[in-house]
Amino acid sequence: MTHVIACIDGSRITSAVCDYAAWASRRLEAPLNFLHVLGRSEYPVPADLSGNIGLGSREALLQELAELDEKRSRLALEQGRLMLDAAKARAMANGVASPITSRQRHGELVDTLLELESDIRLLVMGRQGEQGDTAGEHIGSHLENVVRTLHRPILVIPTDYTEPQRILIAFDGSATIRKAVEMVAASPLFRGLPCHVVMVGADKADAREQLDWARTTLEKAGFEVAARMRSGQVEEVLCGYRTEHDIDLIVMGAYGHSKIREFLVGSTTTKLILQSKIPLLLLR
Amino acid sequence: MINSFRQNWFSNLRGDLLAGMVVALALIPEAIAFSIIAGVDPKVGLYASFCIAVVTAFVGGRPGMISAATAAMAVLMVTLVKEHGLEYLLAATLLTGVLQIAMGYLKMGSLMRFVSRSVVTGFVNALAILIFMAQLPELTNVTWHVYAMTAAGLAIIYGFPYVTRAIPSPLVTIVVLTGLAMFLNLDIRTVGDMGELPDTLPVFLWPEVPLNFETLAIIFPYSVSLAVVGLLESLMTATIVDDLTDTTSDKNRECKGQGVANIASGMIGGMAGCAMIGQSVINVKSGGRTRLSTLAAGVFLLLLIVFLGEWVAQIPMAALVAVMIMVSIGTFSWGSLANLKKHPVSTSVVMLATVVVVVATHNLAIGVFVGVLLAAMFFANKVAQYKYVSSTLSEDGTTRTYRVVGQVFFASADKFVDFFDFKEAVDKVTIDLCQAHFWDITSVSALDKVVLKFRREGTAVEVIGLNEASATIVDRFALHDKPGAVDNLMGH
Chain A
0 MTHVIACIDG
10 SRITSAVCDY
20 AAWASRRLEA
30 PLNFLHVLGR
40 SEYPVPADLS
50 GNIGLGSREA
60 LLQELAELDE
70 KRSRLALEQG
80 RLMLDAAKAR
90 AMANGVASPI
100 TSRQRHGELV
110 DTLLELESDI
120 RLLVMGRQGE
130 QGDTAGEHIG
140 SHLENVVRTL
150 HRPILVIPTD
160 YTEPQRILIA
170 FDGSATIRKA
180 VEMVAASPLF
190 RGLPCHVVMV
200 GADKADAREQ
210 LDWARTTLEK
220 AGFEVAARMR
230 SGQVEEVLCG
240 YRTEHDIDLI
250 VMGAYGHSKI
260 REFLVGSTTT
270 KLILQSKIPL
280 LLLR
Chain B
0 MINSFRQNWF
10 SNLRGDLLAG
20 MVVALALIPE
30 AIAFSIIAGV
40 DPKVGLYASF
50 CIAVVTAFVG
60 GRPGMISAAT
70 AAMAVLMVTL
80 VKEHGLEYLL
90 AATLLTGVLQ
100 IAMGYLKMGS
110 LMRFVSRSVV
120 TGFVNALAIL
130 IFMAQLPELT
140 NVTWHVYAMT
150 AAGLAIIYGF
160 PYVTRAIPSP
170 LVTIVVLTGL
180 AMFLNLDIRT
190 VGDMGELPDT
200 LPVFLWPEVP
210 LNFETLAIIF
220 PYSVSLAVVG
230 LLESLMTATI
240 VDDLTDTTSD
250 KNRECKGQGV
260 ANIASGMIGG
270 MAGCAMIGQS
280 VINVKSGGRT
290 RLSTLAAGVF
300 LLLLIVFLGE
310 WVAQIPMAAL
320 VAVMIMVSIG
330 TFSWGSLANL
340 KKHPVSTSVV
350 MLATVVVVVA
360 THNLAIGVFV
370 GVLLAAMFFA
380 NKVAQYKYVS
390 STLSEDGTTR
400 TYRVVGQVFF
410 ASADKFVDFF
420 DFKEAVDKVT
430 IDLCQAHFWD
440 ITSVSALDKV
450 VLKFRREGTA
460 VEVIGLNEAS
470 ATIVDRFALH
480 DKPGAVDNLM
490 GH
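Chains as they are written, first to last, in numbering that gives the first Met the number 0: chain A, 0 to 283; chain B, 0 to 491.
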């Protein structure tokens with residue numbers, strides 16, 4: 000629970016990841032760690048359809064395949080190192096005072112992050128990665144997996160950086176979001192920023208009560224709070240509110256429901272990640 | 000989940016489909032040849048190959064590995080088919096599947112770690128020799144045409160890739176030799192002479208055997224051998240494919256998958272099979288990586304034999320023999336011959352023993368069993384040698400201290416006792432076991448023997464420095480530190 004860990008992969012989103020990670024590291028005064036995971040990609044192999052095996056075919060084939068992999072891995076390793084160095088330099092230039100480190104691992108992103116979980120105070124990652132550069136508006140293939148597996152706060156960021164000035168908490172009264180409110184109140188991450196708490200749903204007495212609880216909790220922590228009750232479709236209301244009040248960051252609980260329900264009903268989290276042009280802080 | 004599904008099936012479309020086709024072409028001669036070894040119609044092996052390839056594509060634990068009818072399995076069935084007929088073979092195939100699934104659930108796959116490298120090499124070499132030996136009947140008492148055809152076939156197989164690597168050379172061999180035989184109207188044996196070929200898609204059929212204890216008694220020994228050999232070859236092949244592709248596989252899932260595939264094969268009139276080392280290497284070499292390559296191989300195989308059945312019947316046996324000699328050469332680990340000189344004698348003995356036993360018994364399971372046993376004995380012997388005892392006499396000559404270093408267990412217990420000098424008259428003996436480890440009951444009773452022997456000479460004995468694991472076993476089983484020790488030992 001010590002580091003701000005930022006996942007970079009060399010896609011166009013990388014610079015924004017660096018900037019947001021640097022911002023978070025400065026505010027939390029936490030050491031910053033850049034992570035690059037070298038995935039095992041399937042490379043096309045030169046086809047040899049001769050279909051025969053002769054003296055020592057197996058050994059020769061093993062050697063040939065190993066050599067190919069070696070060359071490619073070396074290149075990828077070198078490229079990753081350069082990328083990490085560039086990220087470190089950028090964060091340094093951004094005025095991060097805490098120690099900045101980097102690490103490069105082989106394997107799957109989710110598995111790697113799971114191993115590091117105890118180190119993570121805040122995970123910063125892009126909405127879509129390398130393959131997403133060409134694929135248009137969609138969620139990166141890793142993101143949902145990571146969000147569902149990891150039990151740490153995750154900052155999902157868009158392609159461009161703007162320093163957060165006003166934040167919004169998407170409040171639904173659930174246990175997750177109540178914990179999130181307490182976390183925001185206690186954390187130095189947003190200290191001093193005006194905070195909007197928005198609850199979407201019917202204006203009932205117990206909902207009011209919960210909203211008031213959120214307001215007082217945050218006010219006690221010294222936040223300037225605006226608590227609002229709105230009705231309508233969650234994504235639409237939140238997006239409307241965002242433009243209306245010029246919000247730069249949304250805090251929300253993520254994937255409260257099972258995969259099966261999501262398949263039938265669709266996930267608010269996924270929709271918000273898709274539509275949002277600003278970073279989302281996801282808490283589970 | 001969707002991701003891994005994509006990864007497992009469609010991440011390498013072009014390579015997998017092409018490789019599947021190459022493998023399917025190579026599977027035809029093999030399936031026919033192995034049916035002939037087992038003494039059944041070629042269609043039994045062909046249906047089996049189709050079915051096992053398709054089923055393992057879905058339920059196997061190693062993507063990209065090719066399973067089908069194999070030589071290792073075929074040689075085990077010979078007597079069963081000869082004495083009881085095809086129906087019993089099908090019943091044995093079903094039972095083999097059931098046993099393999101059970102072994103999969105019992106996680107027997109992990110027992111593979113006891114099979115040492117030299118046993119694996121022995122297995123592979125023995126397999127290659129068996130495949131080669133199975134071709135000999137086709138090469139004895141025949142006209143010179145057959146020799147010429149076989150030689151020409153081998154020349155094409157290894158020469159054609161220098162012309163182009165885009166067409167499988169075994170296919171070229173078969174096409175050229177078949178055309179030649181038909182054109183010259185040669186009177187040599189063809190695949191059609193060896194038995195029935197498939198003319199329809201496979202249909203479900205239950206083996207017609209009486210469901211009683213007698214049947215079970217007949218098929219059970221065969222099924223056990225088949226199950227063990229099938230899993231051995233499958234797991235070895237899986238390791239080879241793991242190494243080649245630098246990925247991992249689920250060995251226990253593979254065991255169960257092989258079982259399911261064999262049950263399915265038995266139900267459509269196919270023989271038992273397992274993973275194939277040669278074909279899997281060809282698959283990887285041709286660019287196959289995912290489950291799709293295995294599935295494609297099975298499906299192409301079926302399409303080829305059903306629609307080209309007439310032409311398949313015309314293939315001269317000489318062409319098949321050439322292909323099988325290639326498989327045999329490719330399967331044999333030639334590097335192991337050079338290693339015979341370099342490796343320690345014990346390693347070579349294990350390898351050679353495995354080969355000899357297999358070739359003598361035609362049963363790979365027995366060969367591997369002998370190999371593993373030998374390897375374990377050599378290992379025990381080697382570990383037992385890492386032991387020595389030093390001793391010092393105190394200045395006044397009344398106390399001797401023995402320092403034991405190394406592993407004490409059944410193989411080294413006698414030597415351990417021999418180290419002590421019971422004739423020496425001293426007041427006290429200290430046995431320092433700081434750097435020794437006691438592994439089993441035999442070693443503990445050896446320690447007992449030493450202690451009591453000294454006591455009976457009037458020498459006080461002190462045992463010090465037992466490490467924790469040794470202390471547990473000594474405390475539980477030793478007699479020397481319990482009352483009445485001498486009497487107890489005398490009783491024996």
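Derived by calculation from the structure, the hints in this document are not laboratory data. Everything numeric in this text was worked out from a predicted model, so none of it was measured. Do not take every clue at face value.
[Unchecked claim] Quick list of the computed label-pair ranges, beta carbon to beta carbon:
id, chain 1, residue 1, chain 2, residue 2, range
1, B, V162, A, E63, 17 to 27 angstroms
2, A, L74, B, R13, 21 to 31 angstroms
3, B, W205, A, A59, 24 to 34 angstroms
4, B, Q313, A, G53, 18 to 28 angstroms
5, A, A96, B, F57, 33 to 43 angstroms
6, B, E207, A, K70, 28 to 38 angstroms
7, A, R11, B, D245, 42 to 52 angstroms
8, A, E107, B, R13, 21 to 31 angstroms
9, A, R11, B, A101, 53 to 63 angstroms
10, B, E195, A, E63, 20 to 30 angstroms
11, A, A59, B, V358, 25 to 35 angstroms
12, B, G464, A, A59, 47 to 57 angstroms
[What the hints assert, rightly or not] Under 7 angstroms between C-beta atoms, here's a sample of chain A residues computed to sit facing chain B:
id, residue
13, D47
14, L48
15, S49
16, G50
17, N51
18, I52
19, L54
20, G55
21, R57
22, L61
23, Q62
24, L64
Don't be surprised by glycine CBs; every beta carbon is placed ideally from N, CA and C.
Ascending list of hint numbers which this structure does not respect:
Per hint list: 3, 5, 6, 7, 10, 23 violated.
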